[in-house]
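Chemist: Read off the chains here:
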Amino acid sequence: MKLHEYQAKAFFKNYGIPIPEGHVTSIAREAKQIAEEIGCPVVVKAQVLVEGRGTSGGILLAKSPQEAEKAASEILSKKIHGLSVRNVLIDEALSIEKEYFLLITLDREKRMPLLMMYESGTIYIETAANALFDNLDRVYIDPLIGLQRYQVRQLANRLDFQPKYLRGLTEICLGMWKLFCDMDARMVAINPLVITKDQRLLVLDGKITLDENARFRQEYLVDFRDYDVEAYGEFEARKHGLEYIKMDGNIGCLVNGAGLTMATLDCIQDNGGHPANFMDLGAGVNIDKVIAALDILLNDPQVKVVLVNIFGGMTRCDDIAYGLQAAIEKYGTEIPIIVHMGGTHAESGIKILKDLDIIFAPSMIDAVKKAVTIVGGK
Amino acid sequence: MSILINKSTRVIVQGITGREGNFHARQMINYGTQVVAGVSPSRGGSWVLDEKVPVFDTMQAAVEVTEANASIIFVPARQATDALLEAADSGVELVVCITEGIPVQDIAKVYHYMTTKGVRFVGPNCSGIINPGEVKIGITPEDCVIPGKVGIISRSGTLSYMIMEAMKERGIGVSTCVGIGGDILQGTSFVEAMEMFETDPYTERLLLIGEIGGLEEERAARFAAYQMSKPVAAFLAGKSAPPGKRMGHAGAYIEAGIGILKSKIEAFESAGVKVVTEIPELLKLLEK
Numbered sequence: 139m140k141l142h143e144y145q146a147k148a149f150f151k152n153y154g155i156p157i158p159e160g161h162v163t164s165i166a167r168e169a170k171q172i173a174e175e176i177g178c179p180v181v182v183k184a185q186v187l188v189e190g191r192g193t194s195g196g197i198l199l200a201k202s203p204q205e206a207e208k209a210a211s212e213i214l215s216k217k218i219h220g221l222s223v224r225n226v227l228i229d230e231a232l233s234i235e236k237e238y239f240l241l242i243t244l245d246r247e248k249r250m251p252l253l254m255m256y257e258s259g260t261i262y263i264e265t266a267a268n269a270l271f272d273n274l275d276r277v278y279i280d281p282l283i284g285l286q287r288y289q290v291r292q293l294a295n296r297l298d299f300q301p302k303y304l305r306g307l308t309e310i311c312l313g314m315w316k317l318f319c320d321m322d323a324r325m326v327a328i329n330p331l332v333i334t335k336d337q338r339l340l341v342l343d344g345k346i347t348l349d350e351n352a353r354f355r356q357e358y359l360v361d362f363r364d365y366d367v368e369a370y371g372e373f374e375a376r377k378h379g380l381e382y383i384k385m386d387g388n389i390g391c392l393v394n395g396a397g398l399t400m401a402t403l404d405c406i407q408d409n410g411g412h413p414a415n416f417m418d419l420g421a422g423v424n425i426d427k428v429i430a431a432l433d434i435l436l437n438d439p440q441v442k443v444v445l446v447n448i449f450g451g452m453t454r455c456d457d458i459a460y461g462l463q464a465a466i467e468k469y470g471t472e473i474p475i476i477v478h479m480g481g482t483h484a485e486s487g488i489k490i491l492k493d494l495d496i497i498f499a500p501s502m503i504d505a506v507k508k509a510v511t512i513v514g515g516k
Numbered sequence: 236m237s238i239l240i241n242k243s244t245r246v247i248v249q250g251i252t253g254r255e256g257n258f259h260a261r262q263m264i265n266y267g268t269q270v271v272a273g274v275s276p277s278r279g280g281s282w283v284l285d286e287k288v289p290v291f292d293t294m295q296a297a298v299e300v301t302e303a304n305a306s307i308i309f310v311p312a313r314q315a316t317d318a319l320l321e322a323a324d325s326g327v328e329l330v331v332c333i334t335e336g337i338p339v340q341d342i343a344k345v346y347h348y349m350t351t352k353g354v355r356f357v358g359p360n361c362s363g364i365i366n367p368g369e370v371k372i373g374i375t376p377e378d379c380v381i382p383g384k385v386g387i388i389s390r391s392g393t394l395s396y397m398i399m400e401a402m403k404e405r406g407i408g409v410s411t412c413v414g415i416g417g418d419i420l421q422g423t424s425f426v427e428a429m430e431m432f433e434t435d436p437y438t439e440r441l442l443l444i445g446e447i448g449g450l451e452e453e454r455a456a457r458f459a460a461y462q463m464s465k466p467v468a469a470f471l472a473g474k475s476a477p478p479g480k481r482m483g484h485a486g487a488y489i490e491a492g493i494g495i496l497k498s499k500i501e502a503f504e505s506a507g508v509k510v511v512t513e514i515p516e517l518l519k520l521l522e523k
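Protein chains in written order, with my numbering: chain A, 139 to 516; chain B, 236 to 523.
Some clues are possibly wrong.
The list that follows gives simulated cross-link-like pairs (lysine-lysine, BS3-like), each with its CA atoms no further than 27 Å apart [what the hints assert, rightly or not]: (1) A:Lys384 / B:Lys480; (2) A:Lys508 / B:Lys465; (3) A:Lys140 / B:Lys403; (4) A:Lys248 / B:Lys465; (5) B:Lys465 / B:Lys480; (6) B:Lys465 / A:Lys489; (7) B:Lys465 / A:Lys507; (8) A:Lys216 / B:Lys480; (9) A:Lys248 / A:Lys201.
If you want the ones that stay clear, here's a sample from chain A, every Cβ over 12 Å from chain B, calculated [what the hints assert, rightly or not]: (10) Leu244; (11) Glu257; (12) Leu282; (13) Arg296; (14) Val360; (15) Glu381; (16) Gly450; (17) Gly481.
Worth flagging that the hints you see were computed from the coordinates, not collected in a lab.
Note that the structure is a prediction, hence the values are computed from the model and not measured.
Using N, Cα and C, we set each Cβ at its ideal position, and we do this for glycine too.
With the hints as extra help, turn the sequences into a complete structure.
Modeler: Here's what the structure looks like:
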């Protein structure tokens, strides 16, 4: 889960990380008042969770409050990469002398967080993660000890960072680290951190990505979710502990296990079909969960056939079968359902379903081919 | 015999009184695994699984009495970090964590704590380990795989089961299958498991089952090229995955261009590792 810039900045402020003066609004008229309060020039920034909003006209400079209003109304009325802009952030515009990029994220190889910093201006956050594989300046953070001041000094030293801003930089990095831990973030990025011509050290933009696995102890963060970036069903699915992603094909998929789901979607593509979704039943499958999953699939008007591919392990095929049985009794079977089951309790699963109007397949590939044939693919 | 576990491994099941823990403890016993105890806070003193397995309140007590050297964790995500640290502190040498949904920062801490204690950590969010026909510490369905000489390392449980079943139908067996899990951070990586297989006399060749996300497959490709004498093949899932979405597994996402399947395929190809994305092709490859 990603936070908007204005949300991230509000957290930065709470953690002692200096940000420019600014306010968020959803009303263009208010942009004028905000600009008057802050003093022009200001930048008007679209709050939308896409990459590269700047190049899509999502960031405009305004020299007067009137211009700020105009810019805000322009941005608020447009769609950026298909998403409507609900809010704009109006920030004081600054004259920049130097720009830096700061990132705390997890290194999968070392299984520990790292802090990276480099002088930027050219590298965007979107591509900066590529730097993980390059030899950019970084320090590794022992998760049992945490980021230490000397590590920030090491980074600053390597970059010839001006000593008079070192104290400010240290506070920013320690604030980022504390925020990273407290919020169960997967990534905290600051881009850019700037030294202004009037000699201030400020964070102009930042990104926070939160760890979905920590949702159970970060419940308040659910309020920050942006429902615009989620397709129909994704919210519903999450309530039931299902992993669902809407795609644009017509073969509805219901699979257990993430890897098997991906392999099923790949197989559909290889056979000339188009998956309508990713749907991983996940752990702890019960009847209600299967009903909810089928409900989401059948509510998608694009779905012309449902492909159920289950390999029992942690999940038992009979549990899934009882769920399917209940769902079919509830919704009927206007849309053909193809089932492949293997693994734990597969035979009893198939036995439960055998009197229902279901097409059985002996293998995943066979099931996929049947589904593609039904929707009229090759 | 093969890597990590054998018939003399003495296993404690953490979370044995839960539905999953109980079910899979029985499956493991039936398969030939020595399940010597269960741990379930406040259920200590009772016996489960036909009154044959004693339950303890703590790992410390369970290890003291049973001299177990491995543990498997079925504890729900909210309590799993505590269970993992308790296992690390108990004196067992191997901890396999089946639980899905543990916060990633906790896993970083657990991994480093286990490393300081010299404990081998497998998982989380994994299917565990199976030496077909002999023993398993995990949840792999027993009848999907036969003994043989292919060592498997997989990020996905169910996908590995289906592949092993397809192999079984062709008479291709497995020495050990290690589920390393689908999370962002893994206690045991591809490379670390490959190191163990390289010196295992029962494994002739290796199959890696990978997916989108991270760069561990790329590292595995380099390791296969420079440090393995045994042939390595790879099956990869997720070529149809859209960027920016988490594909079920916490670790399966493409972000900032990192984690795409194309990069993994290229890495394996340039390392001389046969890489496929379709099961029929994989079977042809393994039959050679």
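Chemist: Taking the hints in turn, state whether each one holds.
Modeler: Hint-by-hint comparison with the structure:
1. A:Lys384 / B:Lys480: holds (10 Å)
2. A:Lys508 / B:Lys465: violated (39 Å)
3. A:Lys140 / B:Lys403: Since the Cα atoms of A:Lys140 and B:Lys403 sit roughly 43 Å apart, the hinted pair is violated (cutoff 27 Å).
4. A:Lys248 / B:Lys465: Holds, at roughly 25 Å.
5. B:Lys465 / B:Lys480: violated (35 Å)
6. B:Lys465 / A:Lys489: Violated, because 43 Å separates the two Cα atoms, which is more than 27 Å.
7. B:Lys465 / A:Lys507: Distance of about 35 Å is beyond 27 Å: violated.
8. A:Lys216 / B:Lys480: Holds - the C-alpha atoms of B:Lys480 and A:Lys216 are around 24 Å apart, at most 27 Å.
9. A:Lys248 / A:Lys201: violated (48 Å)
10. Leu244: About 6 Å separates A:Leu244 from the closest Cβ of chain B, which leaves it inside 12 Å; violated.
11. Glu257: holds (19 Å)
12. Leu282: The claim breaks: A:Leu282 does not keep its Cβ more than 12 Å from every Cβ of chain B (closest is about 6 Å).
13. Arg296: holds (23 Å)
14. Val360: Label holds. Min Cβ-Cβ 15 Å, cutoff 12 Å.
15. Glu381: violated (4 Å)
16. Gly450: violated (6 Å)
17. Gly481: violated (4 Å)
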